[in-house]
Every structure is written in structure tokens, then in C-alpha cells.
Amino acid sequence: MPLLDDRAATRRLLDRFGFGPRPGELETLARNGFAAACEQVLAQAPDATPLPNLGAEPAQAGKKASAAERRQRQKTLRSQQITAVQWWLDRMAGTASALPERLTWFWHGHFATSVQKVHSARLMLHQNQTLRTKGGDFTALAKAMIVDPAMLLWLDGQQNKVGAANENLAREFMELFTLGVGHYSETDVREAARALTGWTVNRDAMTSSLAPKRHDNGGKTVLGITGNLDADGFVDIVLNRPDSARFVASRLWFRLVSATPPAADALDRLVAGYGSQRSIGGLLRAVLAEPAFRDPATTLVKQPVEWAVGLMRALGVQPSKLPVTQLEAGLRGMGQVPFEPPSVGGWPAGQAWLTTSAGLARLHLAQLIAEHADVSHITSATAAGQVLGVDTWSQRSSAALAGIQGAQLVAVAACAPEYVVSQ
Amino acid sequence: MRISRRGFIIASGVVGAGALAAGATQVDWSDLMTAAARNPLSPDAGVLVVCTLYGGNDGLNTVIPASDRAYQSARPDLAYQPHEVLDLGDGLGLNPGMTGLKKLWDDKRLGIVRGVGYPKPDHSHFRSMAIWQTASPGSPQQTGWLGRWLDVTGDDPLRAVSIEPVLPPLMAGQRAAGATLPVTGLKLPTGAVGKAFELMGHPQDGDAPDQARAARSIADLHTTATKLGPAVKPSSDSKGRLAAQLDVVAGLVEAGVPTRAYSVSLGGFDTHADEKGTQQRLLTELDQALSAFVDRMRGKPVVVLVYSEFGRRVGANASDGTDHGTAGPVFVIGDAVRGGFYGEQPSLTDLDNGDLKESTDFRDVYATMLRDVLGEDPGKVLDGHDTTVSGLLG
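Residue numbers (the UniProt record's numbering), protein chains in the order written: chain G, 1 to 423; chain L, 1 to 394.
Looking at chain G on its own, in the form it has when it is part of the complex (with noise of 0.2 Å):
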């Protein structure tokens, strides 16, 4: 099999370890070799940027209140949540550590959790941050989820109390953030329900606790271990399964490599990288080990944020700086809005992004892109290869830029396969 040279895989690396490259970005990186590229990626630590303010939470709504002031709250949180992704926009379009947001983008993605039912800009940032500073330990992870108050709300764990269990936050807990469908039984989600009963969230303290009172303190049978089982109890009943580093790794692997499962021996690999002490920088590491890394065949299509990120980055344009309504219109249209995973799914990846309709959504919002950026250096197709990282383009693409210039060459450039898709 033939491998990426030293600067295509380092291109590859700053893709899918981060958003892309800035200007100059590759050049600097790709200088001392792919393996201290490696190094210096994976030793980038969050930077400090601090969270914004987004002021107060609004006051519920009581049964009284009129429709006047359901609206004015309605508004409040509608602004708090435009913050928000714009804040968070600007950071990974901004940020020299690319790695550490990333991997905060991709947990966002596997604790899929929705402000539109949450209902909070305010306790989805607060998540963000708990996202950011545990990413690289899954137990913290893990035992920081099941218990953060955004995600209480999401998955209805707010309801559940002892005497009759809401089953929602285990079910997805077991299926979908650490152990995949088909390793715990109907009888496992039960028990772990009644494990997670009596944890309440308090909204304007953004913090969530166990009332004694409501949690079920009986004995518990999950996946095979009995106890007067807790919420960290369970946890780590769960992550000590086998089956869960392999989860884990599986799905790490499919955000920034591939959407074709690593084969039996690399999982092995990577398993071993994540090792006992479950760290993602382990795992990270064994990733940029394995020899698909470097596979011209494993190419990846950027999920819409990737791509626009990437495009800002290139182009040194500030997500903020651009009209708000017709950038979240792009995302929107693309099938992708930060804080709004449209199920604790999360969103689909690879060829399910290239539809027809997400297709015009993309060229409009490359175009309000370009137009916001200074391109008056990039005149040609090899330019504007340059300024997006695409070393060459296709003969389709290259007939296709030939006939434009400006704002416009950058804007249909950014829509093409070659930089639709991370090499």
C-alpha cells in the first residue's frame, strides 16, 4: 500500500486532529517531518479562552405568565444560544490548539446533547467546558456526563426517581456513549435506571445533585455485578467491560478517520493505546500510528462545521464578524447547528452529508464566506489550492475554476469534491 508523504499525512493531521490549516499553518508544521508534526499536535493543550458571558438565566415561565412574557424569555434564549455558537465558532476558527477542540467537537457529537430541549444556552456551555477539560480521560468523562445537568434535562434524568424509573439516560448511556447495542440486556437498562434515580438539576446554580430521598437504594443487578449500585458505581461497571474500549475506539476512529471500521488487529492497537488508564491521548496516539493514517483510500467528507471552520481558518475570517442570520442559514441548511444535534444519535457522517439540497446550502455560505475575506492574493485555481490545502486539483475541478475570479473562484473552490472531502 502506498502512504501519504510526510506532507500530505501532516495535511491529513491538521484536517482531522483539528479544522485545517491557517495560512502558513502546514508549512511550519510539516518542517521537521510527520512524526514531530505528531508530537507537537498531540501535545496541544486547550488554550484559555474564557467562556462568554451570556448574562442570567431568563425566569421560567410560571402558569400565569402572559404570552408577552413567554415570548421576551423565548427571545432571551434564543440570543443566549446565538452567543454561543458564535462564541464557539470563533474559537475553533481561531484557536492555535485545533487538537483540543476538536476532540471537544467530537465528544459534542457522541454525548449528542440538544439545547432545544434543554432549553439553556447558558447549561450547554457549561457542558462544552466540562467537554473540554475532561476530553482526554473517559472515566472522567463518563462519570461527569451521567451526572451533568444538561445532559439530566436531555435524557429526562431529572425525572427519574425511586418507585418507578425513567429509563431513558441508562438505555442511551449503555447503547450509545460507552458500550454499543447488543451488549447489555432489557433487565441491565432497568437495573442501571433504578441506579441512576434522584439526581436534579438546579438551573441558575448549573449544577446537578442527588437527593437522598428519590434514589432508589436497593440492590441492583447490572451486567452481571450486584450492589446498592450509584451513578459512579455504574459507570464503572460499564467502562470495565471489554466490549466498551472497543466502542469507544470504534467511534473515535469513525469521527476523524473513517467510516470504514478499523480492521480486527489495528482495533487491537488502539484498545491498547487507550489501555487501563482509558486515555485519549493514548488512543489519539495509536490512531496516528496505524498505517490506515496514512492511506491515501481513507478519506473522510468533513461534517458541515468542519468544512466551514476550515474554510474560515484559510481564509482568516471570523465566524462572528459575519452576518449571524445567513450563517446559521448555512449551517442550518447543511443539516448541522452546534448545540442542536438533531438526536442523542448525533449527526450521520460521511456520504449521508452530500445531498442535493445540502449541496446549494454549501455554495451560498462559502460565497458569504469569500465575500468576507481578503482573497485579493489568490487569482488562480493552483492560488486558491494553495490557500485551502489542496495540492491539486482534478481536471473536472480545474476546467471548473478556469472561467472565475475573486470571491467567486474561492467560493466554488471550497465546494469542491477535493476540499469537500479530507484527503
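Misleading hints may appear alongside valid ones.
Chain L side only, calculated, beta carbon under 8 Å to chain G, not exhaustive [stated by the list, open to error]: (1) Pro40; (2) Gln204; (3) Ala208; (4) Ile218; (5) His272.
Cut-off 30 Å, straight-line C-alpha distance, at most; resulting in silico cross-link-like pairs (DSBU-like, lysine-lysine) [said to hold, decoys possible]: (6) Lys276/L - Lys64/G; (7) Lys276/L - Lys75/G; (8) Lys117/G - Lys213/G; (9) Lys75/G - Lys63/G; (10) Lys75/G - Lys64/G; (11) Lys321/G - Lys300/L; (12) Lys117/G - Lys143/G; (13) Lys321/G - Lys117/G; (14) Lys63/G - Lys276/L; (15) Lys380/L - Lys120/L; (16) Lys276/L - Lys108/L; (17) Lys276/L - Lys117/G; (18) Lys213/G - Lys276/L.
Keep in mind that the hints were calculated from the coordinates and are not lab data.
Here the structure is a predicted model, which is why all the values come from computation and not from measurement.
We treat Cβ as the ideally placed atom computed from N, Cα and C, and that holds for glycine.
Let chain G serve as the given structure and place chain L on it in line with the hints.
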């Protein structure tokens, strides 16, 4: 939690099917669109509209056994009283939000198949929806049931169209796949940009499969916009989500597009908590959208099939909601439908670990649609399964 069509695509196992890798599809969209214009839909050809309710609709609060004591005692705070429901006879009534469907019932155009499910039901949204969409209760299948229908009936991609941004697994076959259409109209740029963007859709030797698909989606977009665009009226945003989708379907049927199967959907049925109000609101939206559509399609051989991935547990949970359950009712609507009840109403006292026992295999319903609406031998599509729901159609 909101459950919608996209979430299922990840876990369905169908996304990897050859059909979605457009390189594997033998047909060229634009050739076939031209052929379609020359060969409009025959007025007597049956059209099937599949409406998916994502999230697991609570069947017991949709077709309601309000006078059953077991129902009232299993979910006291969630239950509807007998005087609240729209009486259908047989001790059952429709949810009060479904006044339009009640009219269709009185008009004998609504068939309700009761207790529809499959053996050893799976309680995962994603697995169960994959089972319904692939029509494969036993082992995982790589193709959807309408995708296999496409596979066995030729190679015109316009035969199945999904009015959604993402192709649902049910329309992905091994060789062929349905097309997707957005709800709103398509307006492509003109001039130099339009020309350049169109050229981007040309295939290229040496394209990786993902890149080939990216190019093809651009080509499909241009073909769709130029050939089909005029038939699709942009819908106003004030309309409900499902109503807007069904508007597009109605426009396509009226324009004589040779599509035989459509997919539309409504999400949000995952009601673990505070279920009653949410579900009634959704069922009202469903009801209004469906009745307007069926009225507009009066006199045409159009049949609507409405299903969800499972029903709900009989007993309420502590949060005025219900957890994932099993069998549920399926609606079949249209002029050709012989209205009434089909299948046995599942018992509320003879339960399987708190869940309803299914009385009708969901493949019987599909087989009926394949045979009586699409005119195909169901056994070819459903792995030999050809039992139908007797008397429902035709």
C-alpha cells in the same frame, strides 16, 4: 430527547450500503429525469407515501382503549377518559387531537392495523427503527425495504423520492437508492458562478468514492433544479414541518412525476416525560397534515402508511411519560383503503414483561403495500415473506 430521521442513519447499518455510494448506482440521474418527462406517471399507477414517526409514538394514547380498566389503572395521570376520545367502536377511540382522521374513519378511508410489531422486540430507537426500515427482524440487513423494491424493479431513481435532506435507510438498496428533495424550492446561481458550480459536478477518473459522491451530488442538484424545480413550489415557513413535506409530494403527484414511493417524516415522539400534551400536539400536527393531503389527493390512487419504531410501555413511569415499548397501531389511508380495524387489539393484561404482545407482523403490512399499491411480488423484497393483511386494500 428529540429523535429525528438523521439520528437513525448512523446506527442503521444501512449507510454503508452500496446504494449510497453513488458510484455503485448504474443509472444516471439526468438521463432518467429526461425519460421521466417523456413518460409521466400513469393515472392508475399506485403511489405509496410512507410517513415515519420518529421517537416511538405511544400507540395506546393514539388508538385509545379508554374504557378498559387496565388502561386507566396502568397510567392514571396519562390516560384519556372515555368521553374525551373520538369513538371508533370496538372499545377504542382516537386521540382527541385527531379529528381529521376521525372524519376519514367515518368515510371508510382509514384502516387501522392493530398491534403491529415483530417477535423479540428491540427497545433501542436505533435498532428498532433499523428493523422497521430494513424489514429484517432477525439479522441486520444492509438495505431498506423500499431500497430492495428499487433493486428488483429496474433502474429509474425517480421511482422513490424522500422529501428530506437525508436519505432514510428504508430507501437505500444495494444497487439503487431513492432520490432526496428539499422541501423548499431550489434556486441555483446563474452566470459564471452557476456555470463553474455546474462543472464541479462532472465525474472524474480517479475520484475516490467519497469525492465521486460529492461531485455527483452537485450534478444531481443541477438536474433536480432544472428538471424538477418548476414542479416544486417553495413552501411557506408558517406551515408545519410534515405539512410542508406533504405539500411537495402532492405537487409532484399532480405534476405527473413517475415516482411510486415517497418518504416523509415527523419527529419528536420520544416522550419519556410530560407526555400527554406533547404527544397530543404532535398527533394534531400529524392529523392536520395528513387530512389536508388526503383531501388534495382525492380520486388518485395514493395510499399513505404511517408507522413508528415502537409503541410505549403500558404502565406510565414516574415522570408522566412512558418508556420504550413494543407493538403499536399502523395507519393506512387513502381512497383505495377499505376502512376499519385489522389485526387483534393487544391485551392489556396478558403482557410480556410490561409490554404489549404483537398481533400482526409488520411485514404483512409492507407486503400489502408492495402487492396492492406498488404491484410487486412481496416475496422478492421481503425475503420470501408474502403474507398480507387480508381485505385492507383492493
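Structure-based check of each hint:
With a least beta-carbon distance of about 22 Å to chain G, the hint placing Pro40/L at the interface is violated under the 8 Å criterion. Interface hint at Gln204/L: satisfied, since its Cβ lies 4 Å from the closest Cβ of chain G, which is below the 8 Å cut-off. Residue-level restraint check for Ala208/L holds (minimum Cβ-Cβ distance to chain G is 5 Å; threshold 8 Å). For Ile218/L, the interface hint holds, since its Cβ comes within 8 Å of a Cβ in chain G; the closest pair sits about 5 Å apart.
For the restraint placing His272/L at the interface with chain G, the shortest Cβ-Cβ distance is roughly 4 Å, inside the 8 Å limit, so the hint holds. Between Lys276/L and Lys64/G the alpha-carbon distance is near 20 Å, which keeps this suggested pair within the 30 Å criterion. Between Lys276/L and Lys75/G the CA atoms are separated by roughly 26 Å; this keeps the pair inside 30 Å, and the hint holds. Taking the CA atoms of Lys117/G and Lys213/G, the gap is about 26 Å. The hint holds against a cut of 30 Å.
Between Lys75/G and Lys63/G the CA atoms are separated by roughly 18 Å; this keeps the pair inside 30 Å, and the hint holds. Taking the CA atoms of Lys75/G and Lys64/G, the gap is about 18 Å. The hint holds against a cut of 30 Å. Distance restraint check for Lys321/G and Lys300/L: the Cα-Cα separation of roughly 52 Å exceeds the 30 Å cut-off, and the hinted pair is therefore not satisfied. Between Lys117/G and Lys143/G the alpha-carbon distance is near 22 Å, which keeps this suggested pair within the 30 Å criterion.
Between the alpha carbons of Lys321/G and Lys117/G the distance comes to roughly 28 Å, so the proposed pair stays at or under 30 Å and holds. Of the supplied pair hints, the one linking Lys63/G and Lys276/L holds, its CA atoms being roughly 17 Å apart against a limit of 30 Å. For a cut-off of 30 Å, the pair hint linking Lys380/L to Lys120/L stands: about 24 Å separates their Cα positions. Between Lys276/L and Lys108/L the alpha-carbon distance is near 28 Å, which keeps this suggested pair within the 30 Å criterion.
Between the alpha carbons of Lys276/L and Lys117/G the distance comes to roughly 16 Å, so the proposed pair stays at or under 30 Å and holds. With a C-alpha separation of about 27 Å, the suggested pair Lys213/G and Lys276/L falls inside the 30 Å cut-off, and the hint holds.
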